[in-house]
Amino acid sequence: MKGAKKARPKKSEPKKNRASESRAKPQPNDLHALLRSALTSGRVQIVDLTQTLSPDFPPIVLPPDMGQSRPFRMEEISRYDDRGPAWYWNNVSFGEHTGTHFDAPIHWISGRALPNNSTDTLPVDHFIAPACVIDCSAQARDDADFLLTVALVKAWEKRHGRIPAQAWVLMRTDWSKRTDLVAYQNLDETGQHTPGPDPDCVRFLVKERDVLGFGTETIGTDAGQAAHLSPPYPCHYYMHGAGKYGLQCLCNLDRLPPTGALIVAAPLKILQGSGSPLRVFAIVPARRSPAWIRTAGDGERSGRARSPRRQVHHRATQRGHGRKHDERGL
Amino acid sequence: MPESAARLRRKNPILRTRQPTLPPASRSRVALGLTAAAARGRFALQVCLDCGTVQYPPREICRECLSHRLVWRPQDGRGELVTETILRNAQELFFRERLPWRIGVVRLDAGVNVIAYVHASVGRAPGRVRVEAALDRAGQAALVAVPEKGRPDLADDPKLRELTCDPRGRKILVTDGKTSVGQAIVRALLAADADLVWIGEAEPWKKITGLDVLRDLPRATIVPLDVTDGRSVQELAGEIGGKVDVLINTADHHRTFSIASRRGVETAQQEMDVNYFGLLRLAQAFAPVLKARAADEPANAIAWVNLLSIFALANYPPHGTYSASKAAAFSLSQALRAELRPAGVRVINLFPGPIDDEWDQLEMPPKLSPAALATAVVKAMKGSVEDVYPGDVAQDWVARHLDNPKALEREAGEGAR
Amino acid sequence: MSVPAPYDDVVLAAPVTVRYVRYSTKAAHWFLGRAVAGLIAAAKVPKARIDGLAVASFTLAPDTAVGLTQHLGMTVRWLDHVPMGGASGVVSIRRAARAVQNGDAEIVACIAGDTNHTDSFRRNTSAFSQFSQDAVYPYGSGGPNASFAFLTAYYMRIYGAEREDFGKLCVAQRNNALKNPLALFKKPLTLEQYLDARPVADPLRLFDCVMPCAGAEGFLVMRRATAEELGLRYVRLLGAIERHNAFPDDPVQYRGGWAIDRDALYAQGGVGPEDIDFLETYDDYPVINVLQFEGLGFCREGEGAAFIRANTFEAEGSFPFNTSGGQLSVGQAGAAGGHLGITEAIRQLTGEAPGARVANARHGLVSGFGMINYDRGVCSGAVLLAAA
Numbered sequence: 051m052k053g054a055k056k057a058r059p060k061k062s063e064p065k066k067n068r069a070s071e072s073r074a075k076p077q078p079n080d081l082h083a084l085l086r087s088a089l090t091s092g093r094v095q096i097v098d099l100t101q102t103l104s105p106d107f108p109p110i111v112l113p114p115d116m117g118q119s120r121p122f123r124m125e126e127i128s129r130y131d132d133r134g135p136a137w138y139w140n141n142v143s144f145g146e147h148t149g150t151h152f153d154a155p156i157h158w159i160s161g162r163a164l165p166n167n168s169t170d171t172l173p174v175d176h177f178i179a180p181a182c183v184i185d186c187s188a189q190a191r192d193d194a195d196f197l198l199t200v201a202l203v204k205a206w207e208k209r210h211g212r213i214p215a216q217a218w219v220l221m222r223t224d225w226s227k228r229t230d231l232v233a234y235q236n237l238d239e240t241g242q243h244t245p246g247p248d249p250d251c252v253r254f255l256v257k258e259r260d261v262l263g264f265g266t267e268t269i270g271t272d273a274g275q276a277a278h279l280s281p282p283y284p285c286h287y288y289m290h291g292a293g294k295y296g297l298q299c300l301c302n303l304d305r306l307p308p309t310g311a312l313i314v315a316a317p318l319k320i321l322q323g324s325g326s327p328l329r330v331f332a333i334v335p336a337r338r339s340p341a342w343i344r345t346a347g348d349g350e351r352s353g354r355a356r357s358p359r360r361q362v363h364h365r366a367t368q369r370g371h372g373r374k375h376d377e378r379g380l
Numbered sequence: 024m025p026e027s028a029a030r031l032r033r034k035n036p037i038l039r040t041r042q043p044t045l046p047p048a049s050r051s052r053v054a055l056g057l058t059a060a061a062a063r064g065r066f067a068l069q070v071c072l073d074c075g076t077v078q079y080p081p082r083e084i085c086r087e088c089l090s091h092r093l094v095w096r097p098q099d100g101r102g103e104l105v106t107e108t109i110l111r112n113a114q115e116l117f118f119r120e121r122l123p124w125r126i127g128v129v130r131l132d133a134g135v136n137v138i139a140y141v142h143a144s145v146g147r148a149p150g151r152v153r154v155e156a157a158l159d160r161a162g163q164a165a166l167v168a169v170p171e172k173g174r175p176d177l178a179d180d181p182k183l184r185e186l187t188c189d190p191r192g193r194k195i196l197v198t199d200g201k202t203s204v205g206q207a208i209v210r211a212l213l214a215a216d217a218d219l220v221w222i223g224e225a226e227p228w229k230k231i232t233g234l235d236v237l238r239d240l241p242r243a244t245i246v247p248l249d250v251t252d253g254r255s256v257q258e259l260a261g262e263i264g265g266k267v268d269v270l271i272n273t274a275d276h277h278r279t280f281s282i283a284s285r286r287g288v289e290t291a292q293q294e295m296d297v298n299y300f301g302l303l304r305l306a307q308a309f310a311p312v313l314k315a316r317a318a319d320e321p322a323n324a325i326a327w328v329n330l331l332s333i334f335a336l337a338n339y340p341p342h343g344t345y346s347a348s349k350a351a352a353f354s355l356s357q358a359l360r361a362e363l364r365p366a367g368v369r370v371i372n373l374f375p376g377p378i379d380d381e382w383d384q385l386e387m388p389p390k391l392s393p394a395a396l397a398t399a400v401v402k403a404m405k406g407s408v409e410d411v412y413p414g415d416v417a418q419d420w421v422a423r424h425l426d427n428p429k430a431l432e433r434e435a436g437e438g439a440r
Numbered sequence: 115m116s117v118p119a120p121y122d123d124v125v126l127a128a129p130v131t132v133r134y135v136r137y138s139t140k141a142a143h144w145f146l147g148r149a150v151a152g153l154i155a156a157a158k159v160p161k162a163r164i165d166g167l168a169v170a171s172f173t174l175a176p177d178t179a180v181g182l183t184q185h186l187g188m189t190v191r192w193l194d195h196v197p198m199g200g201a202s203g204v205v206s207i208r209r210a211a212r213a214v215q216n217g218d219a220e221i222v223a224c225i226a227g228d229t230n231h232t233d234s235f236r237r238n239t240s241a242f243s244q245f246s247q248d249a250v251y252p253y254g255s256g257g258p259n260a261s262f263a264f265l266t267a268y269y270m271r272i273y274g275a276e277r278e279d280f281g282k283l284c285v286a287q288r289n290n291a292l293k294n295p296l297a298l299f300k301k302p303l304t305l306e307q308y309l310d311a312r313p314v315a316d317p318l319r320l321f322d323c324v325m326p327c328a329g330a331e332g333f334l335v336m337r338r339a340t341a342e343e344l345g346l347r348y349v350r351l352l353g354a355i356e357r358h359n360a361f362p363d364d365p366v367q368y369r370g371g372w373a374i375d376r377d378a379l380y381a382q383g384g385v386g387p388e389d390i391d392f393l394e395t396y397d398d399y400p401v402i403n404v405l406q407f408e409g410l411g412f413c414r415e416g417e418g419a420a421f422i423r424a425n426t427f428e429a430e431g432s433f434p435f436n437t438s439g440g441q442l443s444v445g446q447a448g449a450a451g452g453h454l455g456i457t458e459a460i461r462q463l464t465g466e467a468p469g470a471r472v473a474n475a476r477h478g479l480v481s482g483f484g485m486i487n488y489d490r491g492v493c494s495g496a497v498l499l500a501a502a
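Chains as they are written, first to last, in this note's numbering: chain A, 51 to 380; chain B, 24 to 440; chain C, 115 to 502.
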């Protein structure tokens, strides 16, 4: 074409490289550049804490006389076929408390009258918050009915520092590694047997530490036998009664540091919602240890092959704590 | 692999699968009265209300007095086999494939001639016989002459075995083995010499003692199946569908709520999701492969059995939403029957009254024990029926329903709040 | 016994056969139309002179005699469609005779014919009648073979007839057919071949069964004066009977309706069985021949086997019978099966039979039978014919 102009070669510029990019100072308010550079350099990872929403994932079991929460179900609308030639999509159905999910205060009777207590009215800035991860995996392995106590929390604080206000407390039990559904639900004639917090512990976290909420790998924030505690279901009762939240069916808590992870947990904005399944993930400072693996979103119940390990050197990101971090308990 | 695998007959995989053929299926409307009675296991003929003459073949007008007032009445079927032949040639593929075939003419004591299949246990004509009405593979009434004394199993005559859905030698899927009824049916099928029973289990984390016991039985194997999950149904159909000869749908979500006694539709949705949509999912996944195997050898797909409820016929308001879900399943089963009939696969519906289980705990007796219901299932399969009303309450309700459905509606609604 | 009015000077003339073929792609209209063409050629009359038409056909459906009038361009003042199978010929004569006798028509063409495709027999049988559809065909789809097997087995049991008796008739018919250029069967048949043939429906075997084919038969009914005006050879109609749904309470059909009216037939004709020079029966199965021997008074009921053993049945035998070979050896062109005997009888009595001839034939009896509506042949009839 006549009018086209020839592309003029640019004047030579110094070639940008990754190293120089990372050394280039991002602007203080350029969050994306900040995060992107942190991710690219490996100083920060994203860890997916969410189980896949699938029909196989067990719902909470209530006595049959009660209303039941629906397990996740998919009905295909079309799949590049006569029902829709160029597209694939599904109708899905689930309860608000199906799969990895968020509990809002309105979920429990004790929180029913609080302001901003449903998923559509929760303060949005609560959706990103720090997490304290308390490792109870050894105790839970030995005792399915293990209850987290105040003493254990305080012992954890002695090592890792006081639990800050408005932080998530996540009870790591490695329960999510139970890929056998029967073992995951762990039901017998006396009901469900899964670990959780005891009433004193919950009261402590609510009153003395003003946590944001409590999270577990099991199917409830309360222990499986919590009906027999006093009050029954103390975690739901006290947390929601104080406007706090719950997270359940989390996974990959073993990939989080005891402190320092930032949890992103934003439930669906359901009108008067009591909770919802959600994508919950952690932004985590990377560690020196070769056990750390640089991927996001794998490693839950499916047990897929992991990507090769990579040696990464990081600076400790824990502020004010130059302590050593071992592989497991951190 | 169950022990019996070694003795299971295997199909030669390089041979083409035989396609199903049917006996002649068309009948006049009035002749369908014979089919209606046979569907319930009865032999009935028209009788003139004005002169008492028995009629056959079925007709519109009395052959004696020209009255139009003809009604169907049960017959004892006794008569004389007056002549017979053995066909060596037939014009329809179904019979061509099954030659030679024995038929005879029976002069009933009631005063009419019927042409009938003749059971192998009947001696050569002449001789006394009894005529029964069975259902053939086309779903139409077929008259069979059996010896006057004694009741031979139709399945004992290899030519007549196809009138039945005999579980002997069959591989059968029981969709829910968790309920007491499901477990009783599994046991009854194994006692009736089924080759293999797959026992569907949903929610494996809910342990049921009865199911664990079945787990250890030879010729039984537990398979994951949740009829509310389309993928689960599809996957099981993909895995075992090509071997299933009979599917017995025992999946049942039974709650005891009327419209007013439970707010919200969650429970009713569950009832529909299991009782109606569960049947639909199973039908979509399994019906095509059953049809494809309807004439397979050495064993073919022959039947689909639904455990409905007598409340499918007339709503029982204290269990109002449950009744509606069973009525929906009943209606759908009629569609399924129409889709399976061209392949000769029979849909058998059982309509029991209250069962002696946890959900009918507050129902007054008589109640049907799971074992009795299981016996009724096996009996229906060994016989030649498609609509079964087992137990006293079911028999009572269906009689009232046929007599005056509006009166039954009122009676069933008494005491509802 | 009441004897109906005599047939005065009603005559039959112009026997026409449209050659039989095993299968044809043509419709029934072709065969029936060629029969009419043959009739007007034989009678040397213009088509318009035929003012009456009686038709019998299975495969003409969905058309009847009505459709045929338009198809063949005929305007008639008398029209009948006769759905009585092998009794249609006899019944057509009864209808047409009274019509020409009373001036309702002058020349009635009685035609019957069918086409035959490879699936014609099954189609015709599977939807033959409501009773057959509801209560017979679903039991083995054996067709008429099954129905007549029932009858044959019963007759053999109660009267002690043997297969050899029936075989003798079939062999004799074949011997007759060997001389008939119109017959489809050309090979001799021995009794051994008959007895050892492929079983069809016990006790019937291959040679007990007719071979369905395509073809047509026809003849004209008129008054003697018309026949003489046209210079046609003719035969006189002495008597005719019909009876339908006879003996409905017999458990199995072991006797036919002729037994009820045969005395009236002979009285009407002024002759007796001993005067009959040949008999053309409706022979779709051998046992029915025996029912006709008995029913028409040639032997007593139940004594058919003895009668067979005592006689020979070729055209030159002691009891000339199915002199053309009958349907069993000529072929069954559908509804024309009952007209076959009539055209053969006309030919025998006018000295024009193409095959075996009965010497000095003066009186002939033609019998018709048909329509297994349920478990027995419902229709029956017979005509008594005499040479001019």
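These are computed hints drawn from the structure, not numbers from a lab. Don't be surprised by glycine CBs; every beta carbon is placed ideally from N, CA and C. Be a bit skeptical, because a hint or two may be false.
Stated by the list, open to error - The calculated DSSO-like cross-link candidates involving lysine-lysine, where the alpha carbons are at most 30 Å apart (straight line), are:
(1) B:Lys34 x B:Lys314
(2) B:Lys194 x B:Lys429
(3) B:Lys230 x B:Lys194
(4) B:Lys429 x B:Lys229
(5) B:Lys314 x A:Lys227
(6) C:Lys301 x C:Lys282
(7) A:Lys227 x B:Lys201
(8) C:Lys293 x C:Lys158
(9) B:Lys230 x A:Lys227
To be verified - Derived list of chain B stretches under chain C, where covered just means 3 residues or more per stretch with a C-beta under 8 Å from a C-beta of chain C:
(10) 69 to 81
(11) 105 to 111
(12) 120 to 131
(13) 137 to 145
Here is what the structure says about each hint:
As the CA atoms of B:Lys34 and B:Lys314 are separated by approximately 17 Å, the hinted pair is consistent with the 30 Å bound. A hinted pair counts as satisfied when its Cα atoms are at most 30 Å apart, and B:Lys194 with B:Lys429 does not qualify at roughly 42 Å. At roughly 25 Å between alpha-carbon atoms, B:Lys230 and B:Lys194 fall within 30 Å of each other, so this suggested pair holds. At roughly 42 Å between alpha-carbon atoms, B:Lys429 and B:Lys229 are farther apart than 30 Å, so this suggested pair is violated.
Distance hint between B:Lys314 and A:Lys227 is unfulfilled; the C-alpha atoms sit about 43 Å from each other, more than 30 Å. For the suggested pair C:Lys301 and C:Lys282, the alpha carbons sit about 16 Å apart, so the restraint of at most 30 Å is met. Distance check on the hinted pair: A:Lys227 and B:Lys201 sit about 27 Å apart at the alpha-carbon level, within 30 Å; holds. Restraint check for C:Lys293 and C:Lys158: the C-alpha separation of about 28 Å stays at or below 30 Å, so the hint holds.
For the suggested pair B:Lys230 and A:Lys227, the alpha carbons sit about 21 Å apart, so the restraint of at most 30 Å is met. Only when three residues or more bring their CB closer than 8 Å to a CB of chain C does the claim for the stretch 69 to 81 of chain B stand; here the count is 3, and the claim holds. Remark: the stretch 105 to 111 of chain B is confirmed as covered by chain C, as 7 of its residues place a Cβ nearer than 8 Å to a Cβ of that chain, reaching the required three. Here's how the stretch 120 to 131 of chain B fares: 5 of its residues keep a CB closer than 8 Å to some CB of chain C, so the rule of at least three is met and the hint holds.
Coverage of the stretch 137 to 145 of chain B by chain C holds [criterion: at least 3 residues with CB-CB distance below 8 Å; count 4].
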